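**Student:** Sequence lines, in order, name chains W and Z. Residues in the first sequence are numbered from 1 upward in steps of one, following this note's numbering. Residues in the second sequence are numbered from 1 upward in steps of one, following this note's numbering.
To be clear, the hints were calculated from the coordinates, so they are not data collected in a lab. Note that the structure is a prediction, hence the values are computed from the model and not measured. All residues carry an ideal CB built from backbone N, CA and C; glycine is no exception. Mixed in with the good hints, there may be bad ones.
Stated by the list, open to error - Label pairs and their computed distance ranges (CB to CB): (1) S26/Z x S95/W: 49 to 55 angstroms; (2) L116/Z x A23/W: 49 to 55 angstroms; (3) L108/Z x T55/W: 36 to 42 angstroms; (4) A91/W x R119/Z: 50 to 56 angstroms; (5) D50/W x M183/Z: 22 to 28 angstroms; (6) T142/Z x G35/W: 40 to 46 angstroms; (7) H141/Z x A91/W: 48 to 54 angstroms; (8) A179/Z x E84/W: 54 to 60 angstroms; (9) A80/W x C16/Z: 39 to 45 angstroms.
What the hints assert, rightly or not - A short list of chain Z residues far from chain W (calculated; beta carbon distances all over 12 angstroms): (10) A35; (11) A38; (12) T118; (13) M180.
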Amino acid sequence: MPPFPRLSGPAILVLETLLREAAWTYGYDLMRATGVQAGTLYPLLVRLTDAGWLTAKWEERIEGGRPPRHLYRLTAEGRAAAREYLGRARARGWSPTADERPI
Amino acid sequence: MIRAAGNCAVHQMGRCLLRGIGGALSAEHREWGDALLAELTAIDGVGTRLRFALSGAWGMSVVLVKDALAGHVADPGTMLLALSIGVVATGLDLRASSRTPGVALISLACIAFGALSTRAVWRWPLVVGGMLPMIMAVTGHTGAYEFDRADRWYGVLLATASTALGLAGRVAVLATRRAMRGMCSR
Numbered sequence: 001m002p003p004f005p006r007l008s009g010p011a012i013l014v015l016e017t018l019l020r021e022a023a024w025t026y027g028y029d030l031m032r033a034t035g036v037q038a039g040t041l042y043p044l045l046v047r048l049t050d051a052g053w054l055t056a057k058w059e060e061r062i063e064g065g066r067p068p069r070h071l072y073r074l075t076a077e078g079r080a081a082a083r084e085y086l087g088r089a090r091a092r093g094w095s096p097t098a099d100e101r102p103i
Numbered sequence: 001m002i003r004a005a006g007n008c009a010v011h012q013m014g015r016c017l018l019r020g021i022g023g024a025l026s027a028e029h030r031e032w033g034d035a036l037l038a039e040l041t042a043i044d045g046v047g048t049r050l051r052f053a054l055s056g057a058w059g060m061s062v063v064l065v066k067d068a069l070a071g072h073v074a075d076p077g078t079m080l081l082a083l084s085i086g087v088v089a090t091g092l093d094l095r096a097s098s099r100t101p102g103v104a105l106i107s108l109a110c111i112a113f114g115a116l117s118t119r120a121v122w123r124w125p126l127v128v129g130g131m132l133p134m135i136m137a138v139t140g141h142t143g144a145y146e147f148d149r150a151d152r153w154y155g156v157l158l159a160t161a162s163t164a165l166g167l168a169g170r171v172a173v174l175a176t177r178r179a180m181r182g183m184c185s186r
């Protein structure tokens with residue numbers, strides 16, 4: 001059984017954004033790009049990381065004395081799973097513009 | 001200056017909230033609390049920062065509850081069995097003319113749980129023995145306990161003693177095995 005038998009709209013949106021970004025992404029940037037609030041986004045990121053679909057790391061180069069921030073990127077397994085889920089979601093009529101909510 | 005002080009207070013409130021929730025997370029997920037805290041530094045606007053902190057704290061509290069439950073309800077089969085035994089014992093107690101069948105069931109079940117399922121062993125007295133007062137509260141059917149309200153909690157005490165007995169038995173068996181192995185190896 002896959003770790004996510006069903007994914008919500010915000011979850012698919014987050015996966016779609018992570019797949020598009022490919023590079024390491026900050027949590028707040030992901031929030032702004034998807035319109036998904038922190039209360040929904042971060043538990044989702046925790047689940048994705050626990051499932052091995054997402055990898056997280058602390059940034060190495062810090063400017064201005066602020067604390068290092070967390071960066072996220074899909075793993076190879078996560079990218080494959082994201083493509084599969086997105087394919088299925090699109091087949092059901094899902095589109096990113098329908099779920100985007102600006103902050 | 002007052003506005004600046006107010007903004008600072010709001011910012012600190014958000015940080016305290018996230019720090020509090022983050023500190024309560026399991027060791028496995030604690031860095032997510034730090035991640036949310038670090039993200040605050042990248043957000044402009046006091047209101048936006050506070051909304052992020054509140055929303056993030058809410059999200060992390062969901063993770064916190066899931067973590068807490070995962071450690072104790074990870075064996076759903078055993079939990080279901082314990083719940084079923086509690087319900088059956090309650091039914092026996094309320095319907096039967098004697099308390100003996102219910103007492104026997106609770107005792108034997110909790111001795112077994114104490115001996116065989118030691119993960120979060122505190123659950124068994126509550127789940128098995130606590131079914132009687134709970135069902136009485138929900139259904140309003142008090143049976144013979146209409147007059148003696150404290151007596152309905154006897155199941156919890158009995159289940160606690162039986163679970164402790166089961167656990168003590170397990171410890172004794174394991175200690176004996178270790179001692180026997182030590183004797184044989186000499």
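**Student:** Hints the structure violates: just list their numbers, smallest first.
**Tutor:** Per hint list: 1, 3, 4, 5, 6, 10, 11 violated.
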